Amino acid sequence: MDERQKEILKSLVHMAQADGKVSDSERKLLDRMAELLGCNQEELARLGTESPHLDEVMIDHQDGVDAVRALLVMSFSDGFLTFEEFDYLESVVQRLGITPEELEELRKEALELSKEGL
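Residues in the sequence shown are numbered consecutively from 996, following the working numbering.
Hints are computed from structural coordinates only; laboratory data are not their basis.
All values reported here derive from a predicted model rather than from experimental measurement.
Check the hints yourself; a few may be wrong.
Unchecked claim - Result set (DSS-like, lysine-lysine): computed pairs, CA atoms no more than 30 Å apart in a straight line:
id : residue 1 : residue 2
1  : 1110      : 1005
2  : 1110      : 1016
3  : 1005      : 1023
4  : 1023      : 1110
5  : 1016      : 1001
All chains should be modelled from the sequences, with the hints used to inform the complete structure.
Structure, rendered in structure tokens:
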């Protein structure tokens, strides 16, 4: 797992924990992402204690777009977006330079993906 993937996982854990609890659907999505990236539960727990720095490891704008899509899917996985999740997402979007138009398109994609259980 490279540094970019670690930062994405950290950000996903941070998003899942933003409202103070991790739902079953958020936990399942985190576990699935960790497995896909070859990250065991111990490492995932450790990554969850570290502050994410996505803006420092994104190679290009498309990487940032992909990371925000993943964060949106995580935020919608339990059926609703909390104020805390929104605040975190907004800060990431600003740091990565995602435009409002891109964000709206990503929101639509993430809603569809979350409906499909991804």
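Status of each hint after checking the structure:
With a C-alpha separation of about 23 Å, the suggested pairing of residue 1110 with residue 1005 holds against the 30 Å cut-off. A hinted pair counts as satisfied when its Cα atoms are at most 30 Å apart, and residue 1110 with residue 1016 qualifies at roughly 21 Å. Annotation: proposed proximity of residue 1005 to residue 1023 holds, straight-line Cα distance about 15 Å (limit 30 Å). Our distance criterion of 30 Å between C-alpha atoms is met by residue 1023 and residue 1110, whose separation comes to about 14 Å.
Among the hinted pairs, residue 1016 with residue 1001 is consistent with the structure: their alpha-carbon atoms are about 21 Å apart, no more than 30 Å.
Violated hints for the displayed structure: none, as all numbered hints are satisfied.
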